[in-house]
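Between the sequences and the hints, there should be enough to build the whole structure, so can you do that?
As you go down the protein sequences, you meet chains A and B in turn.
The opening residue of the first sequence carries number 0 in numbering that gives the first Met the number 0; numbering runs sequentially from there.
The opening residue of the second sequence carries number 0 in numbering that gives the first Met the number 0; numbering runs sequentially from there.
It is possible that part of the hints are untrue.
[Claimed, not checked] With a straight-line Cα cutoff of 30 Å, these simulated DSSO-like cross-link-like pairs (lysine-lysine) come out:
| id | chain 1 | residue 1 | chain 2 | residue 2 |
| --- | --- | --- | --- | --- |
| 1 | A | K282 | A | K203 |
| 2 | B | K61 | A | K199 |
| 3 | A | K317 | B | K196 |
Derived from the structure by calculation, the hints contain no laboratory data.
These are the residues of each chain, in order.
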Amino acid sequence: MRIEGKAAFEEAVRKAREEAASRRLEVLVCCGTGCLANGSQKVAEALAAEADRRGLSASVGLFTKKTGCHGFCERGPLVVIQPSGTLYTRVKPENAGEILDKAVSGDGAVTRLLYRDPATKKPVEKYDEVPFYKNQTRVAMRNIGKVDPADIRDALAHGAYRGLVRALFDLSPEEVIAEVEKAGLRGRGGAGFPTARKWKAARKAPGEPKFVLCNGDEGDPGAFKDRSIMEGDPHSVLEGMVIGAYAVGAHEGYIYVRDEYPLAVVHLTLAMEQARRWGLLGKNILGSGFDFDIRISRGGGAFVCGESSALMRSIEGKTGEPRQKYVHATDKGLFDCPTVLNNVETWADVGAILDRGGEWFASMGTAKSKGTKAFSLVGKVKNTGLIELPMGTTLRHIIYDIGGGILGDRPFKAVQTGGPSGGCVPEALLDLPVDYEKLTEAGSMMGSGGMIVMDDRTCMVDVARYFLGFLIEESCGKCTPCREGLKQMKVLFDDLVAGRGRPGDIERIERLAEGMQLGSLCELGKSAPNPVLSTLRYFRHEYEAHIERKACPAGICRDLTAYEIVAEACNGCGACAKACPADAITGEKKALHVIHQGKCISCGACFTVCPSDAIRFFPKAERPEAASGGLP
Amino acid sequence: MISLSVNGKTVRVPEGTRLLDAIRGAGFDVTTLCDHPALEPWGGCRLCLVDVTRKEWDGWCKMVVSCMFPAEDGLVVLTDTERVQRTRRVVADLLLARCPDTPLVQKVAARLGVERTSYAPNPEPTDCILCALCTRVCDHIGVSAIASVNRGAGREIAPPFHDAPPDCIGCLACAEICPTSCIPYETSDGSRTIWGKTFEMLRCTRCGRAHVTKEEARHFAARTGVPESYFDLCDACKREDMAKQFTRLSEGARTSP
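Right under this line is the structure:
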């Protein structure tokens, strides 16, 4: 099974392709973590059992396959029939029979299970006609959802390791670096450091051994692109790392995966075993004489371990805390040896770049940000899921064309990018082309590709406070400005949302934010004030409202907000009373309902469910007598 | 030797000197809390921040902790720019909020211009500034009985699981290095208690003073290669012996022809 040489590789690929072609009909079941949580394991089993019972593999060459994340998590579990490209959404195990009927007959589809365009209400049958998919360009995620991550032959049939073969047999290490440089590839972990420059520095750095690391510690709230890549196409990560190791002259590597990603660990481990058996990893790779092997290092799930120096310390077996470095990791990284650390997505891009050429990659994107970028699109958007687009795509295109717009067609308010180190981009900047520089200029950052869409029912003070809460838990606590600064910042924000804000608080917040930015040891602390500063930059009036009027303009901060029912609009449907968790709403059917202020906990559940917009919120401070229960 | 400028004054230092020492060598004062000459620099307290720049940087400044930044030839160091002072004050202010009653923190904060904290004072005041000198010295002597536990705001120094630390040798290095003296210990005749662990002491075979824990003697004998009998005498008695020896030698030198 071990492949030696270029010709043998071509032969192995030919065989894998033949085998793939013999599967004339494929039923691809998404088994990414999102769909699994929605029960796709049972769907896959039901489809496989039904196909087995009917003997479909022998009669019509139909095979079922469990793949990685298809991306359209909102609609999972997802099933795709190939080659027709029919996409089924929200599939249940009991749908197996009808899906197979249609797949075998080739006559139409189970219309009930197709995606419906929310605008036209018409079913869309083909995978690549669904706007969510139609508007994407996939490079790092090229094979996710198509291949069985547990089968290296399937990966080979889909083009895996072609870039590696070119690198090992046709290019010198310097030429590999030149190809990556031509591609203009920059770090997909979010900082955007030019990958080729990093590799060059590590190649030049004196000292042995050298290490190549993969950062799979993705920890931003709402981000899951790296998980999906590791789960759905682990070979793309391995291939990139072998190429990188060849380029810098490393023979050992680690993939650092957070322990909350068990499926990623399983698939990576399996892929590594298979790659070793096939001669694609380990000693004398493909008979080229180049040795490189990878170990998996499982992190404990500390957000700070995504920081380069903390990650390396964690691999070394020490406490995962950042170290002040005035030396680059490419000179002194893991075990003080020259080290290249790249993000999962960066590694996944490398194989495609070597296979298709740097120029091809650089033909996509903007002047300084080349290629494509994966995003986890979440929040108040209709189509949540995993997407990949050319750099420079506008936020509007992402949110409205791919994301399908805001849930419930409510007004858009802001999109948070870059996780806890990022910021909120307001509506005025919706036409911003997404690339490293533009996001930074807007006071946010690319980060690891989390995109959290927020509607008008979002209080920006509360959002900033949420990220502070996250960071307080995740700061390692080593340096004073980050540890104590976050604690004090949270105190200030707790006061704001509780109506205890004082004049001068905004200035106090800004002063503390600057101290943390300048004084903190690592990027976690330095960037921790970003969510605060970006919301202050675009939504200062909300802060002022909280302080001066003790009002939350979005009606989210409970201590400041009261609800009432507008008599003229209420049709007495009772939805609000049913939704109220505090039993604070009463009323006869088809008659006006009332909120009992003394019992109301200002959760807003009634507001969300009311079909006739009869619930109104108002600042408690403006009508204290109404809010305190003086009125019914 | 390399040469750099500190607040306009040119200093020459050997390559490999850290900025903090170069600055102090030039006669300027920099406040530190987590730095100690016996230990590797750590960069945690963030009080020794300074601005550095170079001619070719076109006015761009970088703020670094001088305890860890290596002195470089041609570097221009500014220890008291407006923004350095501002940032240090925020750090001191935050520390004072954490340790409002701690004399050392009060003194350091006052020196940097913070008389009263502008933040919410710690509801559970502590004297621990989390400088990690204790855990670092414990690591340094090869014991590692205590460590920082928990993350972020919940960070504290503790033995494993808050139990009496099995690896502790009772040497008191942690308590003695602590700049705010906040690691309590007790000594009574022949025993010593720290971190909830009580140690039996060895007595000096001459003066009878309890001078070292059994564990300490064993640890340092194993680590340095001296026989355990080295700890038979206490330091004072050893010094006395040494002094006698020197006296004998010098008298011998005087009387010999």
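A quick look at each hint next to the structure:
no. : hint            : in the structure
1   : K282/A / K203/A : holds, 23 Å
2   : K61/B / K199/A  : holds, 25 Å
3   : K317/A / K196/B : holds, 25 Å
Going down the numbered hints, you'll see the structure goes against none, and every one checks out.
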